[in-house]
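Based on the sequences and whatever the hints tell you, model everything.
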Amino acid sequence: MSELLWSQRQKSTWRTKVGLAEMLKGGVIMDVVDEEQARIAADAGAQAVMALERVPADIRAAGGVARMSDPKMIESIQKAVTIPVMAKCRIGHFVEAQILQALGVDFIDESEVLTPADDRFHVDKHDFRVPFVCGCRDLGEALRRIGEGAAMIRTKGEAGTGDVVEAVRHLRTVHDAIRRLQSLPKEELMTEAKELGAPYDLVVEVAQTGKLPVPNFSAGGVATPADAALMVQLGAEAVFVGSGIFKSDDPAKRARAVVDAVAYYNDPDKLAKISYDLGAPMSGISTAAMHDQDRIAVRGW
Amino acid sequence: MAVIGVLAFQGDFARHAEAVSRVGAEALLVRRPEELDAIDGLIIPGGESTTIGMLMDRFGLMEAVHARLAEGMALFGTCAGAILMARDIENSTQPRLGVLPMTVRRNAYGRQIESFEASIRVDGVASEPFDVTAVFIRAPLITAAAPEVTVLAAFESSPVVVQHGRLLAATFHPELTENFAIHRHFVAMAVT
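Chains as they are written, first to last, in numbering that gives the first Met the number 0: chain A, 0 to 300; chain B, 0 to 191.
Accuracy of the hints is not assured; some may be wrong.
Computed footprint of chain A on chain B; a stretch qualifies when at least three of its residues, placed anywhere within it, have a C-beta under 8 Å from a C-beta of chain A [to be verified]:
(1) 6–19
(2) 52–61
(3) 106–115
(4) 129–138
Here are a few chain B residues that face chain A, going by a calculated C-beta distance under 7 Å [as the list claims (entries may be wrong)]:
(5) GLY45
(6) GLY46
(7) GLU47
Sample of chain B residues with no beta-carbon within 12 Å of chain A, all distances over it, derived [what the hints assert, rightly or not]:
(8) VAL2
(9) PRO100
(10) ALA125
Worth flagging that the hints you see were computed from the coordinates, not collected in a lab.
The beta carbon of each residue, even a glycine, is placed where N, CA and C say it ideally should be.
Listed below in structure tokens is the structure:
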């Protein structure tokens, strides 16, 4: 039996960061704005919650500048549930990230849903002990974020719309680019890295392994159990649901149905039962009719 | 060839399936009760114990696993899986299998920023004791275990790998590192 001093433990290694992302596979992470919603999410079987002051649909409706949540609100949610609690900082706002780390959140989402604090640079995520998740629309963006230290990637979709089309597009775009890399001869990878705007070493790794070096989840527009199962069948390893749960008629029922749908994503008979009689989903906004200035997913450099 | 099921509701079940293949057994992802019939042993992976326990309860896996354990199926739980095997979970009424006479405390080392790696010595699994890098992620602590439970590894005076008959539990994640000796040990348990 070995005995180690407390100080000989290696805390917050790349392996413990990506390890937590591995543990979150195959489940649902739900946006919650208060303790009551956090309990509803946990009781439904959410594997983690994202604590934020307003769900994306309300951020859209309210306009103005969206920022990190009040620490009081985050702490109340940490006290209310035993599952991991995530929180969002603005793109490039490393002080918000420092505060979230000091609060002991389990994952930081450097998120396009909040108003960016820096229009050129993201947070240096290697510098933190807490793991980060970042959004992407394509492979280049995913690999830039991983290069900066993100331990989990989520495709962005279009948050707060309840329209899954952008989530599908972004996930397919990432996977198409991965398949393309696998087919390229080695001498073409440097130019490919230049065109993707991605670190060369990560491009070489993805070309060899055929997958991202960190788990890839899906977000932005999931409103039904079928939407969630669609994303998992398309290759997402877990699903974030923002406005889709608590902007629907019966959040507790829908939350549970989305959790069940991700567990049985490949089983249409079960999915039919799971989708039965859930009440109205969030009404949503068709992204096809949106103006460009209303699109959130374009934030990220 | 031994067939090892991996409960695939939530968590790092894919990593366990890979580890099982690496030690020469066949891995089968399990989501339905009837899928337990074809396997010699079952692994409950790391993940969120509340989520996995709830889904087991909702979809008939608690009863089915109990029934198969009575028939001699072996069971291995890591982290969340170990919590679900424990008879007692401090301050919790969450659904569980409760088959291992031990008490666990969830998230005992703290939040994610306290997650860590440490070298630990495992004894009684292979012919010689050996050291492994153990990855502890929001890990539980085994605060008490019945005398009949064998401790195969400990860290800071607390058990981290325990065995009781055909039940095996680890509070860390042997599936996340390259040493699969503990998986090899479980496959051997499952077929004897």
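* Would ALA125 (chain B) pass as off the interface with chain A, using Cβ distances and a cut of 12 Å? -> About 16 Å separates ALA125 (chain B) from the closest Cβ of chain A, which puts it past 12 Å; holds.
* Go check the segment 52–61 of chain B versus chain A for me, would you? Three or more residues, Cβ under 8 Å, otherwise it fails. => This one holds; 4 residues, not fewer than the three required, reach chain A with a Cβ under 8 Å.
* VAL2 (chain B) non-interfacial with respect to chain A [C-beta, more than 12 Å] -> 20 Å, holds
* **Hint validity - GLU47 (chain B) Cβ closer than 7 Å to any chain A Cβ** => 4 Å, holds
* With d taken as the least Cβ-Cβ distance between PRO100 (chain B) and chain A, does d exceed 12 Å? -> 21 Å, holds
* Counting residues of the segment 106–115 of chain B with a beta carbon closer than 8 Å to any beta carbon of chain A, are there 3 or more? -> Answer holds; 8 residues pass the 8 Å Cβ test.
* Interface hint compliance - GLY46 (chain B) to chain A, C-beta minimum distance less than 7 Å -> Constraint on GLY46 (chain B) satisfied, holds at 5 Å.
* Asked: When the nearest CB of chain A is found for GLY45 (chain B), is that gap smaller than 7 Å?
  -> 5 Å, holds
* chain A over the segment 6–19 of chain B, status - at least 3 residues with CB closer than 8 Å -> Per the Cβ count (8), the hint holds.
* To do: Take the segment 129–138 of chain B, compare each residue's beta carbon with every beta carbon of chain A, and decide whether three or more fall closer than 8 Å.
  => holds (count 5)
The structure shown violates none of the earlier numbered hints.
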